[in-house]
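Colleague: Throw the hints in and build the complete structure from the sequences for me.
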Amino acid sequence: MSAPENQDPRFDKAAFGDDQLVDAHEKALAPASDDHAHYKLGPLLLLFALSGCVLYSAMYVIHYSGHFSPLIFDENAVPSSSTAVVKVDPIAQGKRLFNSAGACFTCHQPTGQGIPGTYPPLAGSEWVNGPDERIIRILLYGLTGPLQVKGTAFPGAAPMPSFGPAGFNWSDEKIAAVLSYVRQEWGNKALAVDAAKVAQIRQQVGERKAWTQDELLQVK
Amino acid sequence: MKSGPLFFLGLAAAFGFSFAGIVIGSNAQLGRQAPFYDDSEGVSFPARLPGSAAAGQLAYRDLGCASCHTQQVRRAGFGSDVDRGWGDRQSVARDYIYQTHVQLGWSRTGPDLTNIAGRKPSAPDAGDLMRLLYGGQGAMPAYSFLFEDRKIVGQVSDDALRLAGRLEPAPGRQIVPTDRARELVDYLLSLNTTYDYPEAQPAPAVHPAPEAHPAPVAHPAPAAGGEAKK
Amino acid sequence: MIPAATHPLAGPPASAQPDSDRGPGRCVLLFMLGSGMLWLVLSAVLALISSIQVHSPQYLSDLEFLTHGRAQALAETAFVYGWIGNCGPALALWILCRLAGEPLRPSRWAGTGAFFWNLGVAIGLAGIAFGGVTAIPMLELPRYVQPLLFASYAAVALAGVTAWTGRRREVMFASHWYAVAALFLFPWLFSVAQVMLLWFPVRGVLQAVVAGWFAQGLWTLWIAPLALAGAYYVVPRVSGKVLPAYDTAALGFWCLLVLGAWTGGRHLIGGPAPAWIATVAIGASVILLFHYIVVFTNLRPGFAGGATSLRFIAFGVAAYVLGGLVDGVTAIRGVAVLTQFTHFDEAQRQFALHGAATMMLFGTLYFALPRIAGRPWASRGLVRGHFALYALGILLLAFCLGTAGWIQGSALNDPKTAFADIAILTRGWLLGATAAQTLLLAADIFLAVNFFTTLACAPQGGDKEGAP
Numbered sequence: 001m002s003a004p005e006n007q008d009p010r011f012d013k014a015a016f017g018d019d020q021l022v023d024a025h026e027k028a029l030a031p032a033s034d035d036h037a038h039y040k041l042g043p044l045l046l047l048f049a050l051s052g053c054v055l056y057s058a059m060y061v062i063h064y065s066g067h068f069s070p071l072i073f074d075e076n077a078v079p080s081s082s083t084a085v086v087k088v089d090p091i092a093q094g095k096r097l098f099n100s101a102g103a104c105f106t107c108h109q110p111t112g113q114g115i116p117g118t119y120p121p122l123a124g125s126e127w128v129n130g131p132d133e134r135i136i137r138i139l140l141y142g143l144t145g146p147l148q149v150k151g152t153a154f155p156g157a158a159p160m161p162s163f164g165p166a167g168f169n170w171s172d173e174k175i176a177a178v179l180s181y182v183r184q185e186w187g188n189k190a191l192a193v194d195a196a197k198v199a200q201i202r203q204q205v206g207e208r209k210a211w212t213q214d215e216l217l218q219v220k
Numbered sequence: 001m002k003s004g005p006l007f008f009l010g011l012a013a014a015f016g017f018s019f020a021g022i023v024i025g026s027n028a029q030l031g032r033q034a035p036f037y038d039d040s041e042g043v044s045f046p047a048r049l050p051g052s053a054a055a056g057q058l059a060y061r062d063l064g065c066a067s068c069h070t071q072q073v074r075r076a077g078f079g080s081d082v083d084r085g086w087g088d089r090q091s092v093a094r095d096y097i098y099q100t101h102v103q104l105g106w107s108r109t110g111p112d113l114t115n116i117a118g119r120k121p122s123a124p125d126a127g128d129l130m131r132l133l134y135g136g137q138g139a140m141p142a143y144s145f146l147f148e149d150r151k152i153v154g155q156v157s158d159d160a161l162r163l164a165g166r167l168e169p170a171p172g173r174q175i176v177p178t179d180r181a182r183e184l185v186d187y188l189l190s191l192n193t194t195y196d197y198p199e200a201q202p203a204p205a206v207h208p209a210p211e212a213h214p215a216p217v218a219h220p221a222p223a224a225g226g227e228a229k230k
Numbered sequence: 001m002i003p004a005a006t007h008p009l010a011g012p013p014a015s016a017q018p019d020s021d022r023g024p025g026r027c028v029l030l031f032m033l034g035s036g037m038l039w040l041v042l043s044a045v046l047a048l049i050s051s052i053q054v055h056s057p058q059y060l061s062d063l064e065f066l067t068h069g070r071a072q073a074l075a076e077t078a079f080v081y082g083w084i085g086n087c088g089p090a091l092a093l094w095i096l097c098r099l100a101g102e103p104l105r106p107s108r109w110a111g112t113g114a115f116f117w118n119l120g121v122a123i124g125l126a127g128i129a130f131g132g133v134t135a136i137p138m139l140e141l142p143r144y145v146q147p148l149l150f151a152s153y154a155a156v157a158l159a160g161v162t163a164w165t166g167r168r169r170e171v172m173f174a175s176h177w178y179a180v181a182a183l184f185l186f187p188w189l190f191s192v193a194q195v196m197l198l199w200f201p202v203r204g205v206l207q208a209v210v211a212g213w214f215a216q217g218l219w220t221l222w223i224a225p226l227a228l229a230g231a232y233y234v235v236p237r238v239s240g241k242v243l244p245a246y247d248t249a250a251l252g253f254w255c256l257l258v259l260g261a262w263t264g265g266r267h268l269i270g271g272p273a274p275a276w277i278a279t280v281a282i283g284a285s286v287i288l289l290f291h292y293i294v295v296f297t298n299l300r301p302g303f304a305g306g307a308t309s310l311r312f313i314a315f316g317v318a319a320y321v322l323g324g325l326v327d328g329v330t331a332i333r334g335v336a337v338l339t340q341f342t343h344f345d346e347a348q349r350q351f352a353l354h355g356a357a358t359m360m361l362f363g364t365l366y367f368a369l370p371r372i373a374g375r376p377w378a379s380r381g382l383v384r385g386h387f388a389l390y391a392l393g394i395l396l397l398a399f400c401l402g403t404a405g406w407i408q409g410s411a412l413n414d415p416k417t418a419f420a421d422i423a424i425l426t427r428g429w430l431l432g433a434t435a436a437q438t439l440l441l442a443a444d445i446f447l448a449v450n451f452f453t454t455l456a457c458a459p460q461g462g463d464k465e466g467a468p
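Residue numbers (this note's numbering), protein chains in the order written: chain A, 1 to 220; chain B, 1 to 230; chain C, 1 to 468.
Since the hints were made in silico from the structure, they are not lab data.
Check before you lean on any hint, since a few could be wrong.
[Claimed, not checked] Residues of chain C clear of chain A, computed beta-carbon distances all greater than 12 Å:
| id | residue |
| --- | --- |
| 1 | 61 |
| 2 | 198 |
| 3 | 276 |
| 4 | 420 |
| 5 | 435 |
[Said to hold, decoys possible] Here are some chain B residues pointing at chain C (derived, C-beta under 8 Å):
| id | residue |
| --- | --- |
| 6 | 24 |
| 7 | 36 |
| 8 | 111 |
From a predicted model like this one, the values you see are computed outputs, not experimental measurements.
C-beta: ideal position from N, C-alpha, C; glycine also.
Modeller: Quick look at the structure:
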């Protein structure tokens, strides 16, 4: 069966009619005779190709599926097997609280340096790095009057507001989180604060007005 | 293949296979995804779009902004999205649940817009965006048809754009945004997805606080990516 | 020509073969093909405008109806729904009728369907231009026009399915499978996408998942089968050779159908959808490589010989297989991180739609039209010119857009490169892409002129030749 000569680009002659086309291909599907024990390499290679593709694909899918979890967005991650409660990272939460609207950063600045003469710095401050009983009290009840921080005097014209029941009414967890953040940021190296301790101090002290520096220094 | 009905059945099954797997499967997983309630902040995230911004989303879709801008941040380490300041973390499914027409985009001729209202160090404000829309910049065309060139009657309007140079209108005239421009800008200014959902944590853990008891928050344990080991 | 009597597989004598191209069916097919030509030229103009706007954004930016987002949507819709939506089903119908040995029935249904399809596309394009674009890739038409398109398509497909079920011989050929699959599956794909994205939109990111599934399904379950139906039909008929690996053709077919739409998740690599969707898509893309191997092995005879239709189809098959391999490679995450969201992705799309599918449709068209219209194509020069310009145009387009995309991707992934610089780096290549679009437009005009000139002369009616 030779191809017809197709010289004229305006019309292509066909070699097969439609019925012949279908018949010829049906014949091609019929099993070949075994007379010559003919071995065809082509189909075997295609079979290998298909198997190879399927194998690679299966390995890839199993490895990177994230166990088909709807909450895995990184293909390298695996679902955590613990059924424990979600632990919120207090440092990240504390950072968010510090920087939230109307909160700490407006006075103490995002750099923790404060404003000289008005708002004391938190970076390197002995109040921040000292015993947490003091700093928890400052947050729960506020601070008034003159203050000495890192050798500099702050006259106290702008008192520290209360973040406890008399003021912004933050929960123990929020206070512990923001204090833990402040105590490890900008070069501070103090231990984190426990929400349970905040609760204990809140209950122990009860209601009171803002602390002064002298009262705080007597607290151990 | 000889049998007609069997062939049809085969076609239906082949189609149904991908439909069931991708469409039905993902819908079963995420179709009713709820917002995330944060105990310590007392609100759910994400928030719904306010009215003007919702109208602005239709304008965004209408003008085909998705043909040049994406609204999806890829995770740190997969491309430079986080390094460019387009977002702090990878975008996750929960970020989009209250968007009526999700416009993830397919091309980055222009920058990603997921967190345009939260860009650091400084995010654009309404005036900046209006000027950008009116005059275009770089590869972005000008959308002057979103603005009106009006005669100044009495005082200059509060909404009039502050323009300089070649964009300045003729003396005695002012450029005022139409409602569509206002809505579009309101929508753009609402694009800020910073809340850290549990599933959005990157694979390597953040600094754990020494000796701190993490605040336990009572949620059913989702599969957190935070525990991943490479 | 080989005399029928001495042909080893000679069938019944020529005069006894039913004339499948006489009667009203012929007019319907010519209407569809003619409309397709016009949409093709229009889409080329819009694509040129869109291409200019990428490197010169102020071009026509005052015109709201041609703002870049809309111009791109218009070009894509006119091409996919106007050109492929007319030419593909028309040629599929013709092939099914020829293989069935029957004339086109019911032609009134098909004619009405074709008319309303074109009306729907026209209304849809006006809707996109004046504010109803859906911003869903491959489904940009406003939602109010989509049910009309669905109903018209069903009417046209009815004719095709009737031709298939009414065939005189029970055995099926590869073209049958592909043509029937395309005609049958499009309405399902289309209706599911419409319902889940436009009428009762699913929540959040699922819209992107369904949109990706739809776009990929449209390519693998509709456009590619329409093109392959023609290729499988024309190659053996013109070359005179039985397809070499025909026993694997069925496997290749089912591979495409079963896995095609699964690859939709590749658009969500790194995106806000669960990772398993992208992973499964990548797995499917790897197995799909087998389909391309089968198509290449089977359609190899098309590469020999200089017949017009074979030249087009050979180019189309080569582009299809090469495009498929590149698709497989770019689906891998390590490569996708570079090529996602860039002009490279666009280059792949254009190469597949224009270089692969459209070239195969052109080949089938060059074979079919003389038999439908009853006379050969009008002009030699236009035929040769069309091939040269189109082939050159698509190669230049793919090369320029691909290079631009690669540069853009590398620059995007370097956080120090400012965005404004990326536009400067790629500008030269994008100008090349615009030049390529001009070549494609010229080629399309050549084809349209040739087509309408051929029809303008009085047709002699019936087959050009009584014998095959």
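Colleague: Checking the smallest CB distance to chain A, is residue 61(C) really beyond 12 Å?
Modeller: holds (37 Å)
Colleague: Non-interface claim for residue 435(C): all C-beta distances to chain A beyond 12 Å?
Modeller: holds (26 Å)
Colleague: Once the shortest beta carbon distance from residue 24(B) to chain C is found, is it less than 8 Å?
Modeller: Hint on residue 24(B): violated, closest Cβ of chain C at ~10 Å, above 8 Å.
Colleague: Would the non-interface assignment of residue 276(C) survive a Cβ cutoff of 12 Å against chain A?
Modeller: For residue 276(C), whose nearest Cβ neighbour in chain A is about 5 Å away, the distance does not exceed 12 Å, so it is violated.
Colleague: Hey, does the residue 36(B) contact hint survive, CB to chain C under 8 Å?
Modeller: Because about 13 Å separates residue 36(B) from the closest Cβ in chain C, which is outside the 8 Å limit, the hint is violated.
Colleague: Would you say residue 420(C) is clear of chain A, with no C-beta pair closer than or equal to 12 Å?
Modeller: The claim holds: residue 420(C) sits with its nearest Cβ about 29 Å from chain A, beyond 12 Å.
Colleague: Verify this label for me: residue 198(C) is non-interface relative to chain A, using a Cβ-Cβ cutoff of 12 Å.
Modeller: holds (24 Å)
Colleague: Regarding the hint that residue 111(B) lies at the interface with chain C, is the smallest CB-CB distance below 8 Å?
Modeller: The hint holds - residue 111(B) has a Cβ within 8 Å of chain C, the shortest such distance being about 6 Å.
This entry does not satisfy hints 3, 6 and 7, going by the numbered hints stated previously.
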